[in-house]
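Asker: The listed protein sequences derive, respectively, from chains A and B.
So the first sequence is numbered by the numbering used here: it starts at 148 and just counts up by one.
So the second sequence is numbered by the numbering used here: it starts at 2 and just counts up by one.
Because the hints were derived from the structure by calculation, they are not lab data.
There may be inaccurate statements among the hints.
[Stated by the list, open to error] Facing chain A, a subset of chain B residues (Cβ under 8 Å, in silico): (1) Lys86; (2) Glu87; (3) Leu91; (4) Pro93; (5) Arg95; (6) Tyr106; (7) Arg278; (8) Val282; (9) Leu287.
Note that beta-carbon positions come from the ideal geometry of N, C-alpha and C, so glycine has one too.
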Amino acid sequence: MKKYFRQAIQIFIARPVAHLLIGLDIIGKEHLPTKGPAIVAANHNSHIDTLILLSLFSSRILPNVRPVGAADHFLRTRTLSWVSRYIIGMIPIHRKNAGSGEDLLADCKTAMADGKILVIFPEGTRGEAEEMEDFKTGVARLAEQFPDAPVTPVYIQGAGRVMPRGSKLLVPFNCTAVIGKPIRWSDEGAGEKYNFMKNLKTTIKDLSQDAPPMKWD
Amino acid sequence: MNWLMNYLADIPGPLQIGFGGLFALLVMGSILAVALPKFKPGKWDDLKPRMQSWWVMCGLLIGALLLGWQAFTVLFTYISYIALKEYLTLAPTRKEDRGVVLFAYLMVLVSYGAIWINNYMFFLVTIPVYVFLASAVMMALTKRTDGYLATIGILQWGLIVCVFNLGHVAFLMRTPAAEVPMAGAAGLVFFLIFVTQFNDMAQYMWGKIFGRHKISPNISPNKTWEGAIGGFVTTGILFVVLAPYFTPLTFWPSVWIGATLPVIGFFGDITMSAIKRDLGVKDTSLLIPGHGGALDRLDSLMFTAPWYFHMLAYFALDRF
Numbered sequence: 148m149k150k151y152f153r154q155a156i157q158i159f160i161a162r163p164v165a166h167l168l169i170g171l172d173i174i175g176k177e178h179l180p181t182k183g184p185a186i187v188a189a190n191h192n193s194h195i196d197t198l199i200l201l202s203l204f205s206s207r208i209l210p211n212v213r214p215v216g217a218a219d220h221f222l223r224t225r226t227l228s229w230v231s232r233y234i235i236g237m238i239p240i241h242r243k244n245a246g247s248g249e250d251l252l253a254d255c256k257t258a259m260a261d262g263k264i265l266v267i268f269p270e271g272t273r274g275e276a277e278e279m280e281d282f283k284t285g286v287a288r289l290a291e292q293f294p295d296a297p298v299t300p301v302y303i304q305g306a307g308r309v310m311p312r313g314s315k316l317l318v319p320f321n322c323t324a325v326i327g328k329p330i331r332w333s334d335e336g337a338g339e340k341y342n343f344m345k346n347l348k349t350t351i352k353d354l355s356q357d358a359p360p361m362k363w364d
Numbered sequence: 002m003n004w005l006m007n008y009l010a011d012i013p014g015p016l017q018i019g020f021g022g023l024f025a026l027l028v029m030g031s032i033l034a035v036a037l038p039k040f041k042p043g044k045w046d047d048l049k050p051r052m053q054s055w056w057v058m059c060g061l062l063i064g065a066l067l068l069g070w071q072a073f074t075v076l077f078t079y080i081s082y083i084a085l086k087e088y089l090t091l092a093p094t095r096k097e098d099r100g101v102v103l104f105a106y107l108m109v110l111v112s113y114g115a116i117w118i119n120n121y122m123f124f125l126v127t128i129p130v131y132v133f134l135a136s137a138v139m140m141a142l143t144k145r146t147d148g149y150l151a152t153i154g155i156l157q158w159g160l161i162v163c164v165f166n167l168g169h170v171a172f173l174m175r176t177p178a179a180e181v182p183m184a185g186a187a188g189l190v191f192f193l194i195f196v197t198q199f200n201d202m203a204q205y206m207w208g209k210i211f212g213r214h215k216i217s218p219n220i221s222p223n224k225t226w227e228g229a230i231g232g233f234v235t236t237g238i239l240f241v242v243l244a245p246y247f248t249p250l251t252f253w254p255s256v257w258i259g260a261t262l263p264v265i266g267f268f269g270d271i272t273m274s275a276i277k278r279d280l281g282v283k284d285t286s287l288l289i290p291g292h293g294g295a296l297d298r299l300d301s302l303m304f305t306a307p308w309y310f311h312m313l314a315y316f317a318l319d320r321f
């Protein structure tokens, strides 16, 4: 029941908002994973990013797609928490507990073992509009655990202009999602955490060249 | 089924033939889109998505024309919004301008609101006068002065072509039926859009077959004098021949419009090409598979719509 509720909201509200109100151009759709375990990793500038990434998947796969978000942000209030869990289908990460010995990625690993497709923003934060921060190691640790799972890089352009961090005003501008060829831990040669992340970040940066020029400062 | 037959029989004759002809063209194009890639693989690959998009666009247009001015106004409100958003996505704006951009989007509703309440004077002063002034003030109030004049100019150019100029298409749908006994207001609008798109296609075909001398290689390398003139003459003749069935124009006025409208459409095309060159893009978005963005399809109509509207108003219509 909950599953269908989430699917219905995403199909009848999220997708029309992304395509008809904001406008979304998709390049390289054939690279998207169709089944889990898989990871989709994207740059992060705006809450709109999640909306855009969820709108990329066909409705059949949608119930298997789970965005990963920060518990301290998305579980702040009861309403926000309910929306995050039941409408967005978010897996919360308790990043404040880092270093306590607790496995922060336990829920993510369970979901992946269960055949889910995780949507991850390796920057860990939205940062400045239309700029990329350093990547956190979580994505590499998940890839190490599932060495054959595809990690699909996605570059999102324009979401930071639609709704920058700190703004509550949504101003529609077309966005572009450029999807690259998936990379795997197993085909990274000596699959090493920092190499993997560096490679992923370079790949996403390179994808930005396929997006149209954006003049906004 | 009976009501449907009655409904279809009530459509004016010229429109029935116009829609039928369009349908035949679509079927023919679709057959070519399937057949041609089999003979010459690779060369005609983009014809299939192009034809599929034509089906969708013609379907939306004919559907809205048949449903009446309300549906047509809603469709064009959305088309103007899509065009303006596409334009403002590519054109340079500043971080502080998000509020003014949102204001511009809302003014699309006000401008089409004037069409909805059938108030021509209100329509005339909304975008070119009061939105012009208000957006300039709003942008001044953001307090950032570097790039002010360039950005307000960019925004206002977009509002004129995407909202005010395209709005004339929707306003033509409000022409009283008594003034256009031949094919109704829908006939006027259908004829404008058909002729404008036909002109684009005729220029393309003439250029493809006879094109030698480039008109402006640094703006639009595919445009040739042979293509342009061949297109103008073909479209002009088509206009004069069909005008009596779709418009209340008499012979000489129809010759005048037939001679000028295709040239104006060409100007719209080349103006948008110059803008795309400046912005460094080939297509304005990927919205319409096989065609590019909304602006790539609407560029000529943004110029022909006001001209057609004012020429009809001058020569034939009492309403405007």
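Asker: Tell me if valine 282 of chain B is really an interface residue toward chain A, meaning its C-beta lies closer than 8 Å to one of theirs.
Answerer: Since chain A brings a Cβ to about 5 Å from valine 282 of chain B, closer than 8 Å, the hint holds.
Asker: Grab the minimum C-beta distance from tyrosine 106 of chain B to chain A and call the hint holds if it beats 8 Å, violated otherwise.
Answerer: With a minimum Cβ separation of about 7 Å from chain A (threshold 8 Å), the hint on tyrosine 106 of chain B holds.
Asker: Restraint: leucine 287 of chain B near chain A, CB-CB cut 8 Å. Satisfied or not?
Answerer: With a minimum Cβ separation of about 4 Å from chain A (threshold 8 Å), the hint on leucine 287 of chain B holds.
Asker: When the nearest CB of chain A is found for leucine 91 of chain B, is that gap smaller than 8 Å?
Answerer: Constraint on leucine 91 of chain B satisfied, holds at 7 Å.
Asker: Against chain A, is arginine 278 of chain B within 8 Å by beta-carbon distance?
Answerer: Since the shortest Cβ distance to chain A is 12 Å, the answer is violated.
Asker: Taking the closest Cβ pair, is glutamate 87 of chain B under 8 Å from chain A?
Answerer: Given a least distance of 6 Å, the restraint on glutamate 87 of chain B holds.
Asker: Against chain A, with CB atoms and a cut of 8 Å, does the hint on lysine 86 of chain B hold up?
Answerer: This interface hint holds because 6 Å falls under the 8 Å limit.
Asker: Please verify that hint: arginine 95 of chain B, Cβ, nearest Cβ of chain A, below 8 Å or not.
Answerer: holds (6 Å)
Asker: Would you check whether proline 93 of chain B satisfies its interface hint, that is, whether its CB is within less than 8 Å of any CB in chain A?
Answerer: This hint holds: proline 93 of chain B lies near chain A, its Cβ roughly 4 Å from the closest one there, short of 8 Å.
Checked against the numbered hints above, the structure breaks only hint 7 and satisfies the rest.
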